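J.: So you can see what is in the structure, the chains are spelled out below.
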Amino acid sequence: MSDAAPAADQTARLQTRRLRLRRDGLGSRIGVALLLSLLCAAALIALAGHNPLEAFLAIVQGAVGSQHQIGASLNRTTPYLLSGAGVALCFRAGIINIGAEGQIAVGGAGAAAAALALAGAPSLVAIPLALVGGALAGSLWAGLAAAIHLGRGVHEVLVTLLLNFIALLLVQQLLAGPLGQPGAGFLQSSLMPRSAWLSHLAGFDVHAGILIAVVAAAALSFVLWWTRFGFALRVSGSSRLAAAYAGFSLARLTWGAMLTAGALAGLAGGIEVLGMHRRLIEGFSLGFGFKAVTVALLGAMEPLAVVPAALFVGLLESGSLAMQRQIGVPTALITVIEGLTMLFVLAATAARR
Amino acid sequence: MSMMLDMRGIVRRFGHVVANDAIDLDVAAGEIVGLLGENGSGKSTLMKVLFGMLPPDAGTISFRGQPLTGHTPAAAMAAGIAMIHQHFMLVDAMTVAENVMLGWRDAGRLLRRKEMADRIRDVSRRFGLDLDPDARVAALSLGRRQRVEILKAILRNAELLVLDEPTSNLASAEVAELLTVLRRLRQEGKGIIFISHKLPEVLEICDKVVVLRAGRVTGRTSVAGASQGMLAEMMIGRDVTAPRPPMVASSPGPARLSVKDFLAPGLARLSFEIRRGEIFGVAGVDGNGQIELVEALAGLRPAGSGAITIDGHDVTRASVAARLTRGLAYMPADRGTTALVKTMSVAENLMLRDSGRPPYGHGLLLTRGPANAKARALMADYDIRARDPSFIAGRLSGGNQQKIVVARELDRRPAVLIAHQAAWGLDPGATHFVLDRMLALREAGAAILYVSSELEEVLAISDRIAVMARGGFAGIVPRGEVDPRQLGIWMAGRAA
Amino acid sequence: APPAAAEEKAAMLLPGSINDQSWNALGYSILLALKPHGFTTAYTENVADSDEAEALRGYATQGYNIVMGHSGRFVSAMEQVAPDFPKTQFIAVSGNEGAAPNVMSIDWNNAQFGCQLGVLAARMSKSKMVAGVYGLEGVPNITAQAGGFRICATKAGAKVSILYVKDMEDSAAAKEAALSLIAQGADVITGKLNAAEAGLVQAAKEKHVYVTGRGVDQTKMAPDAVLTNIVEDWPAMFGKTADEVKAGKLFGNFVQYGYDTAPVTGGSLVYDADKPFNPVVPAAVVKELDDMAGQFKAGTLKVEPTREDARGGS
Amino acid sequence: MIEFLAAAIRIATPLALAALGGILSERAGVFAVGLEGMMLAGAFAAAIGAWATSEPIAGLLLAPLGGGVIGLAVAIVAVRFRADNMVTGLAVNVLALGLTSYLMRILASGGRPVSMRLPLLTALPIPALSDLPVIGPLLFAQPPLTYLTALGCLLMTLFLNRTQAGLTLRATGENPEAVFASGGHPARVRMLAVIACGAVAGLGGAVLTLQQVGTFTDGMTGGRGYMALAALIVGRWTPWGAAAACLVFGAAEAFELRLQSFGVPVSSYVVQMAPYLIALTVLAGLGQSSKLPAAIGQPLPSTR
Ligand SMILES: Nc1ncnc2c1ncn2[C@@H]1O[C@H](COP(=O)(O)OP(=O)(O)OP(=O)(O)O)[C@@H](O)[C@H]1O
Ligand SMILES: Nc1ncnc2c1ncn2[C@@H]1O[C@H](COP(=O)(O)OP(=O)(O)OP(=O)(O)O)[C@@H](O)[C@H]1O
Ligand SMILES: [Mg+2]
Ligand SMILES: [Mg+2]
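Protein chains in written order, with this note's numbering: chain A, 1 to 353; chain B, 354 to 849; chain C, 850 to 1163; chain D, 1164 to 1467.
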């Protein structure tokens, strides 16, 4: 067979996919949803007595107004991208994993423990091992959820949720105990050894995490569309009966998806610790997990599309800080925008299902 | 004579399909009208329009002198129409009494449970329905469930009763009981619309018959003096009866599929063998263990005890994947959610069970180029009419969807094929095609288990025929020795 | 950016909402207190932990001379950001470490005030059982106050029980914790919580026991139940530093105010505008507490609580 | 001991009210993940009502409205637009958190923070009964919303089992087609059920503001909605069962506080895990939730 045939097939496939996107108008419907939530936000800003345009301008400037701001936004994007891609993978398989929050927390602790243990090791050893430590810890936590879910038939939403609460307490316990910095003014670990700091990219205040995250999202997209495992996940997400009929083990798929998502969330935690705080600090993971769900949804559960989705949330949040600094619109507004966006996107994408 | 129901010029379209094309239908009090027609001829649609579940695109309905337009099921019921759907509309988790009270004004806003239970017992006794108001519907047989539906209609004083294929799920004893009840209702002056594909019972119970074809009325006749052949001709029109594929007596080879002392929930102990080049047909009323049997063989349900071997290899506890590797193919009856993933493309559905093997995949990876090429080839071979392999399977017509399943399962050159309702919902051409492929597979030496509730189909292609009743085989006969009366007795051998 | 014409600017980052009627509201008042010292002010509330560095950097970039973080948790982020802004003074409220040259922590001596509350509680208790409700076990200023409370109340002859709640903002849970302690016989309750402090006062009010609060507002909530409040005098602590920063000085140390740093003591016990204690507190007890303050000032009395002193349980 | 039970009852009350609401929603076939947001909105509305009028009754009237608004959002997105129930629930939780905090800020409008000191609903001892030994003070000297919770269990049980509306609601969660075919409106039933769920859960939130704390703070429900959700599953979707499960959770939390007082050798963080571990253990012990309403989470077929 000539090489031309598959290539032709591929372009045909891409074309139909693009056509399908256009015909279903998925992209434009998400666009309308975003627009609607911004309109609602504008109304709320006006209600608070501020000028919505001015506020949005402040958000934009705060998000991309300078090289530094861009870097900050990218850093903010990183954990959302990583954990959101993992959540998207689970959602694809029909597993509602809302445990990213706890997995990030535990992952951060794992990375911190590894980095502290590796004091003295060169960066080339310390950073990868610490990140692996974070990913492993996140996986472990997600695995625990999978085990309870599969073993005892408890709904995954409840398991992952309850484990979130436990994970946060666990990290506090670690900080009050073995990982804590003696005499520190707060629940925090000692500073990581410098060799474990995730370096900044030249010229930007952005750490290497964003690269890892983009690579991970691309890898996940590859897994989803080009591997048998991804195929099985997609089948089971569409119909569990069909997946069983196809000979895929639902339990194994659940393990696979949960462990992968856990590893990514753990990695996100590790990157936060090594790249942002340079130490494990109480509450560093609060709220990431639920936003990962927003991001996965916004990205229509497609890891590559999670990139712009995470970027959107990252920009929005880093911009919103600037908004409050400059014109005093409360940041709670951003939570409102996120909630509204989720709702509108849900309605928009479900309408034609 | 003034008609109880008067439907005039009903038109209903679904996209390009004209399901009802200017249909007129009258029913008088104390009359049973048979509604006949091939699959997809528009019977159910017409009834849904009558019952207010679908708005018509044109036409008028008048019931007992009152016009019915833009109505809802609630309004239809209030007017005195009751509908018994092909798939029962009962809540399994609730009791008979609760199902009866659901949505019924007389039950009161504050439910009068005791009074209702008494009334249920009363009517149930009067019509010989034998229903316990406190029984949970989930625990009732299909025949009983249907009686619950009839009970609902009687209790609500329905004047017009619509029964959409009420007998297709019933054993013959149950059918007889149903017909008795219907006669009784006719005596009481109710009107009845009776939809069925089974001509003998139509001739037995109906007063007149209306025949639909492709959404139009192609015949009306009074039953007196009508014959089955006449009705069949009105239904099928110029199309001659489906040609029966020629069967050559098979030369029995060694056993390929063997089932010994097999026991699983919902099944009685089963033992049988299917040999090389043999089609083993399983007939019987749906719900007698067919689904349990095929799914257990396919590896989708846990086995209780006993042994299943394929070509001498024990697969009793093997996974679905392991059975696939041993050469077991399976066409499930549930096309919608098991056999196909409707949101995925034709190509992806063709590789559903073979994604780990060339040309679809290699190791952990999918090989999309070769997979698409293969899909094109299969689409040509099996006449799957889709624009290209990336077309979404759920948007194809039912027949083309089924062809995907057939292509996928046969292309693997299976040693053993389990086909469950393989021609379900297919038009005659497509049915013919599927049966042809089965026979070709038989020639190639496979062992085939062909399970269908359509006796005709089973008789047409099986070397041996078994009848399933109450989870076991009521009897097995070779093709040459089939006695239709005996088959009927076996089929009815199921508790009411 | 062009140098702002001799404009002095101070910004405050708050970990929670300024509406919590407790810790963050206090932080907001610190900021307001800098206005008379000639600063224009700005604040950001609900700063997530992951945003701390970013928010600090944002204000520093905008040319704020003083950038404050209203929790010890900000120290870590300040240490990261400060080297890039050598002219900005970063101050962590209630941290306990500094970093030269421009990250400082300011706190008050929790142990001294905790100790005073311990004696007050022991004296006012009829059951000789007193209790404290805290959050974040192991954080130094919590350890200091809870430990100081236990050491001194025990010395004064009372049995002490300490409970930690999961969330310093969850008043319903804190109230429940207080109720459980009262049920066990405690008749004076103290604590160091944020929004949840109101739960303690509410519980004491309902069960007719005594409580200490964290601000005169809480006296208004339950004038009969509240014995006194620790009113943290952050404006004074910060005002002093702010003036020096304005004069061009930078600090990289940890300053702890207390009775020994008078006249700025970092805090005081206040019942309402003109009284330090609820009138039910006997004069003898008031005198005893005043004497303690004197001893702290003179350095003759020192309390140095350990994690063990602040442990949960009785 | 009595105190311990009293504590369990207090902690259980907001959970139980929310769980009662959740039963309405889940029995009608919509997962009640949004309980947290509904409670929070209810707590907020109650606080606003009581603060603006200085009358706790006004808060009591507004609370169902607050929760109901969130219920309406779920109803529109999950029922009308047929979006995934779980994710919709999570989304409204985020929305409620943001919206209540934001509106609090608007009230404060940049200046001095509003200091909400709300009048609390006081205990209403039932004459005679409250004088009974032991159970008198325990059961018959409660504040109004606690009585309402018990009454709610009773009414809800009657409603579900003894009324046409309750029958229809249950049937909608089991088999909406059957409801449709018997003349009902499954979509309407689900919408109403979810809105009612919001209203009842809103009262659950009001317990916190009007009966326990007397003020509103951001995110003050602190995960109680999720515990209520777990409770109604443990309680097998029955009002008394869910209430019993809430009492178990309440007892677990009361136990956790007392455990700390005994001075166990682990830190408070470990002890604080107890309620969640207990919930998880109970759920795992129950195993497969076999009696889940059959059609829960399944969108209604479109009429198109
Ligand atoms: N909801 C629908 N959407 C699109 N097409 C429909 C729909 N319902 C029915 N049709 C089409 O209308 C035609 C008539 O269908 P109908 O169900 O009335 O047939 P029927 O006579 O009841 O067939 P059967 O004997 O199989 O029950 C068919 O072509 C069918 O595919
Ligand atoms: N044949 C059917 N059997 C069962 N359910 C159906 C059938 N056809 C449609 N439905 C679904 O049942 C629901 C009917 O609910 P309902 O009648 O309350 O909604 P509606 O008709 O959209 O609106 P309204 O309440 O305003 O009349 C619809 O969601 C519809 O999709
Ligand atoms: Mg039909
Ligand atoms: Mg039919």
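Possibly wrong hints are sitting among the right ones.
Ranges of calculated distance between the beta carbons of each label pair, as one might list FRET restraints [claimed, not checked]:
id: 1; chain 1: B; residue 1: 833; chain 2: A; residue 2: 251; range: 57 to 63 Å
id: 2; chain 1: B; residue 1: 716; chain 2: C; residue 2: 935; range: 55 to 61 Å
id: 3; chain 1: A; residue 1: 42; chain 2: C; residue 2: 885; range: 32 to 38 Å
Cβ-to-Cβ under 8 Å is the rule here; a few derived chain A residues that face chain D [what the hints assert, rightly or not]:
id: 4; residue: 39
id: 5; residue: 43
id: 6; residue: 44
id: 7; residue: 98
id: 8; residue: 148
id: 9; residue: 172
id: 10; residue: 297
id: 11; residue: 335
id: 12; residue: 346
id: 13; residue: 347
Just so you know, these hints were derived from the structure itself, not from any lab. From a predicted model like this one, the values you see are computed outputs, not experimental measurements. Positions of the beta carbon are idealized from the N, C-alpha and C atoms, including for glycine.
J.: Minimum Cβ distance from residue 39(A) to chain D below 8 Å?
T.: violated, 15 Å
J.: Holds or violated: is there a CB of chain D closer than 8 Å to the CB of residue 98(A)?
T.: Hint on residue 98(A): holds, closest Cβ of chain D at ~7 Å, below 8 Å.
J.: Can residue 335(A) be said to touch chain D, with a Cβ gap under 8 Å?
T.: Because about 3 Å separates residue 335(A) from the closest Cβ in chain D, which is inside the 8 Å limit, the hint holds.
J.: Checking hints one by one. Is residue 347(A) an interface residue toward chain D, by the C-beta closer than 8 Å rule?
T.: Hint on residue 347(A): holds, closest Cβ of chain D at ~4 Å, below 8 Å.
J.: Using the C-beta atoms of residue 716(B) and residue 935(C), is the stated range 55 to 61 Å upheld?
T.: holds, 58 Å
J.: Quick check on residue 44(A) please, does its C-beta sit within 8 Å of some C-beta on chain D?
T.: holds, 6 Å
J.: A closest beta-carbon separation below 8 Å is what the hint needs, so does residue 297(A) meet it against chain D?
T.: holds, 6 Å
J.: Mind checking the CB of residue 172(A) against every CB in chain D and telling me if the closest is under 8 Å?
T.: holds, 5 Å
J.: Should the hint that residue 43(A) touches chain D count as held when the rule is a Cβ pair under 8 Å?
T.: Violated. Min distance 12 Å.
J.: Under the criterion of a CB-CB separation shorter than 8 Å, is residue 346(A) in contact with chain D as hinted?
T.: Given a least distance of 4 Å, the restraint on residue 346(A) holds.
J.: Evaluate the given range 32 to 38 Å for the C-beta pair formed by residue 42(A) and residue 885(C).
T.: Once the Cβ atoms are compared, 37 Å apart, the range 32 to 38 Å for residue 885(C) and residue 42(A) holds.
J.: Does the interface hint hold: is residue 148(A) within less than 8 Å of chain D, judged Cβ to Cβ?
T.: Holds - the Cβ of residue 148(A) comes within 8 Å of chain D, reaching about 6 Å at its closest.
Violation of the numbered hints given earlier is confined to hints 1, 4, 5; the remaining hints are satisfied by the structure.
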